[in-house]
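All chains, please: the whole structure from these sequences, using the hints.
Protein chains: 4
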Amino acid sequence: MSKYQHIREEAYQANMQLPKLGLVLFTFGNVSAADRELGVFAIKPSGVPYEELSPEKMVIVDFVGKTVEGDLRPSSDTLTHAVLYNNWENINGIVHTHSTYATAWAQSQRDVPIYGTTHADHNTVDIPCAPPMSDEMIRGDYEYQTGYQIINYLQDKGISYEEVEMVLVGNHAPFTWGKTAAKAVYNSAVLEEVARMAYLTEQINPNAPRLKGSLIQKHYERKHGPHSYYGQ
Amino acid sequence: MSKYQHIREEAYQANMQLPKLGLVLFTFGNVSAADRELGVFAIKPSGVPYEELSPEKMVIVDFVGKTVEGDLRPSSDTLTHAVLYNNWENINGIVHTHSTYATAWAQSQRDVPIYGTTHADHNTVDIPCAPPMSDEMIRGDYEYQTGYQIINYLQDKGISYEEVEMVLVGNHAPFTWGKTAAKAVYNSAVLEEVARMAYLTEQINPNAPRLKGSLIQKHYERKHGPHSYYGQ
Amino acid sequence: MSKYQHIREEAYQANMQLPKLGLVLFTFGNVSAADRELGVFAIKPSGVPYEELSPEKMVIVDFVGKTVEGDLRPSSDTLTHAVLYNNWENINGIVHTHSTYATAWAQSQRDVPIYGTTHADHNTVDIPCAPPMSDEMIRGDYEYQTGYQIINYLQDKGISYEEVEMVLVGNHAPFTWGKTAAKAVYNSAVLEEVARMAYLTEQINPNAPRLKGSLIQKHYERKHGPHSYYGQ
Amino acid sequence: MSKYQHIREEAYQANMQLPKLGLVLFTFGNVSAADRELGVFAIKPSGVPYEELSPEKMVIVDFVGKTVEGDLRPSSDTLTHAVLYNNWENINGIVHTHSTYATAWAQSQRDVPIYGTTHADHNTVDIPCAPPMSDEMIRGDYEYQTGYQIINYLQDKGISYEEVEMVLVGNHAPFTWGKTAAKAVYNSAVLEEVARMAYLTEQINPNAPRLKGSLIQKHYERKHGPHSYYGQ
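Residue numbers (the numbering used here), protein chains in the order written: chain A, 659 to 890; chain B, 659 to 890; chain C, 659 to 890; chain D, 659 to 890.
Hints were generated in silico from the structure; no laboratory data involved. Hints are supplied without guarantee of correctness; some may be wrong.
No copy is singled out in the list; a pair is fine if it fits within one copy or between any two copies.
[Said to hold, decoys possible] No farther apart than 20 Å at their CA atoms in a straight line, the calculated lysine to any residue pairs in the SDA-like style are these:
| no. | residue 1 | residue 2 |
| --- | --- | --- |
| 1 | K876 | G798 |
| 2 | K678 | Y708 |
| 3 | K678 | P707 |
| 4 | K881 | F686 |
| 5 | K678 | E709 |
| 6 | K678 | E710 |
Here is the structure:
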């Protein structure tokens with residue numbers, strides 16, 4: 659048995675959540691699960707339908723993007739995953755989808771404003787939308803540069819990847835991450851719902867105000883602060 | 659067998675309706691069921707996925723919010739439920755969700771206007787949206803104060819909790835209640851649908867008039883008046 | 659066995675299509691099936707959940723609205739059905755729902771404009787929206803008057819009930835009908851989809867033109883004219 | 659066994675995907691599968707519900723629209739399929755639906771602007787919307803002329819049917835095609851999702867810019883260029 663079996667299994671299970679949660683059409687998404695000690699991650703093979711996936715079909719890749727084990731070609735977005743793992747040492751799962759509402763915000767090139775507690779339960783700031791990449795970055799090693807576009811944009815905005823586990827890439831689509839692949843999938847579903855609610859909020863009241871600071875702080879701390887009291 | 663078995667069962671069944679009716683993502687909602695004679699209610703444990711729930715996992719809490727029976731921590735919204743039960747003696751079920759359309763209206767800080775008979779079958783007035791709480795209330799005992807925000811707002815508006823069994827909390831999300839937990843869940847689904855229809859109505863006709871008084875009265879009385887003739 | 663068994667069965671089957679087609683929440687809808695020779699129709703009992711229905715629970719009512727057979731109270735909309743059957747001799751099925759998009763147009767008090775061939779496959783005119791009823795009609799025999807509001811409005815507009823098998827009642831919701839209960843249900847689903855498409859069309863292009871006459875005629879005749887060539 | 663069994667089977671399987679993918683209500687759509695060597699295609703019979711279909715019920719038609727085998731009347735859109743097969747020698751599958759969002763764009767008489775990479779993964783240009791046909795074409799052999807309306811419009815715009823495998827017919831609905839019937843169905847689902855995202859994008863940001871050239875080129879080449887690296 660492969661010594662990567664546990665992350666193959668984890669990546670497989672997490673990938674299978676995407677169609678269940680309505681986050682992907684066909685193969686428009688991928689999840690990876692990393693093992694920091696082994697220095698690798700398991701990722702969905704490129705273009706393979708979800709119903710044909712199995713743990714064995716996951717591809718094992720190291721943090722510079724080289725395939726370590728597996729017969730199939732890994733996701734075309736593999737280098738983006740590799741760059742993020744390589745630069746952000748405290749994440750072990752990454753998800754990329756083209757989920758409908760999050761992608762519409764990305765195409766709109768707008769941050770998703772924080773309009774309510776559903777948002778604040780997960781983030782204290784607007785969900786950042788990185789600008790489209792420069793022509794140089796696009797013509798270069800595109801997926802590799804996508805990773806740096808994300809990293810640099812969060813850095814410029816002073817946002818910690820450990821606090822905000824989701825981003826939109828302008829004109830493209832969302833990426834999310836987390837301590838585990840399952841948490842990264844959870845974040846993708848939360849982002850999609852928050853993006854949908856923000857869209858509806860602006861339709862119902864074009865002058866809807868952003869959530870005030872005291873509520874942002876309260877809700878975030880309920881779930882994440884040192885005195886959090888949500889969950890078991 | 660616990661003497662609370664009947665409300666454990668009732669709360670469990672009612673909680674399981676939320677995902678079935680499409681009213682919750684993950685654990686973003688909770689239902690409680692009260693027994694007035696015993697002076698307690700059964701409520702969903704905090705952060706436990708719906709598919710892992712059972713009657714045994716419900717937590718028994720009294721009307722000041724103290725856990726009476728159960729190993730798990732109750733919903734983080736428990737104090738809001740307790741305050742409402744304590745102040746409104748004729749309700750035995752409460753639901754809190756972040757359902758999409760109702761939450762979008764809450765984030766818009768607008769009452770849901772009464773545009774048609776679907777609304778009037780259940781309420782004679784716009785669905786009230788309480789303003790966001792003051793910073794003092796938020797920094798105090800937040801969930802406890804949320805209950806009072808709801809109670810005080812209905813009182814200010816001259817709305818009886820026995821006639822209008824639903825409210826939006828501004829920037830937050832909806833609460834509903836009723837004579838039973840099942841009725842409170844029913845109200846949550848009705849609110850979500852009425853909120854969706856009102857949103858669409860304004861998109862189709864920004865000048866859509868509110869429903870006229872004679873129709874409001876007629877439809878409400880069909881279902882609720884002394885001469886109601888709906889149902890068996 | 660009841661001599662009404664065939665229409666009990668027909669009404670039951672047609673009612674069960676409403677939740678399957680996503681046209682009703684809870685009990686917000688009803689279907690009836692008539693037998694012209696027997697001078698009666700079978701209709702859903704009032705307020706009974708769809709999952710508890712059976713052919714035996716359908717109520718048999720004559721064309722002036724008197725219950726002929728059945729232990730349960732018939733739908734609160736029964737008199738509207740009776741009036742329509744009594745006045746329109748060539749229909750044998752009627753449906754009333756509060757389906758989301760059709761109801762939003764009714765609440766908007768607007769006819770649904772004919773924007774495309776999906777609409778023209780079924781109607782050559784905008785789907786009519788009768789104005790809300792007068793206070794006198796509402797305070798009188800409401801459901802009975804609802805039937806006359808529909809009949810009179812079509813007459814005023816010069817629309818034949820045999821050509822246009824659907825209407826919106828302003829501020830209320832849609833009614834549809836047909837040669838059979840199944841056809842009336844089909845019309846309800848078509849109306850909901852056409853209403854949804856028209857809403858989206860106006861969002862995408864507020865100046866979208868109505869369909870031109872030659873296309874209206876062509877598509878309607880494909881399905882309905884003397885030289886129709888759709889279907890088997 | 660019929661020598662057309664393979665395309666009967668292919669057309670059947672592809673037709674059955676339409677309701678599964680949410681692209682049709684009732685019988686509002688059809689798929690055909692061609693065999694170039696035999697000079698025929700298999701197509702859905704007209705007006706037959708999907709749940710009653712079988713490979714045996716598909717109708718075999720030649721490229722001028724004459725039925726070659728089969729007891730049922732072929733889809734009323736058969737001549738449009740025939741014209742496209744006759745003029746475009748490198749396609750073997752065609753789909754016509756009235757899917758909600760694509761049809762709303764067709765009714766709006768607007769091309770679907772290229773707003774993001776989901777679009778660019780499949781097309782380098784806006785999805786073309788042919789204008790409504792002239793009255794002469796409509797009154798003539800309508801379905802036959804619909805085929806020419808599509809062909810002529812792509813030609814006028816300088817768009818190759820091998821690069822852009824989808825079109826909207828103004829006021830009507832979408833047609834898609836491909837090397838196989840399955841690919842044509844895939845294109846229908848992609849078109850519907852891209853149309854939905856473009857609609858939402860304009861709602862969220864009425865000034866959203868079209869995707870820039872470098873991103874269009876990059877994403878299209880990832881999947882389709884000589885150095886494509888998507889899939890296995």
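Status of each hint after checking the structure:
With identical chains, the CA atoms of K876 and G798 are at most 20 Å apart between copies only, with a shortest distance of 10 Å across copies and 44 Å within one. When the C-alpha separation of K678 and Y708 is checked against a cutoff of 20 Å, the pair qualifies both within a copy, at 10 Å, and between copies, at 16 Å. For the identical chains of this complex, K678 and P707 are neighbours both inside a copy (13 Å) and across copies (15 Å), given an alpha-carbon limit of 20 Å. Taking the shortest alpha-carbon separations for K881 and F686, only the inter-copy value of 12 Å comes in at or below 20 Å, while the best intra-copy value is 31 Å.
Both within a single protomer and between protomers do K678 and E709 lie at most 20 Å apart by alpha-carbon distance, with minima of 11 Å and 14 Å respectively. Taking identical chains as interchangeable, the C-alpha atoms of K678 and E710 lie at most 20 Å apart whether they share a chain (15 Å) or sit on different chains (17 Å).
Of the hints listed earlier, there is not a single one the structure fails to meet.
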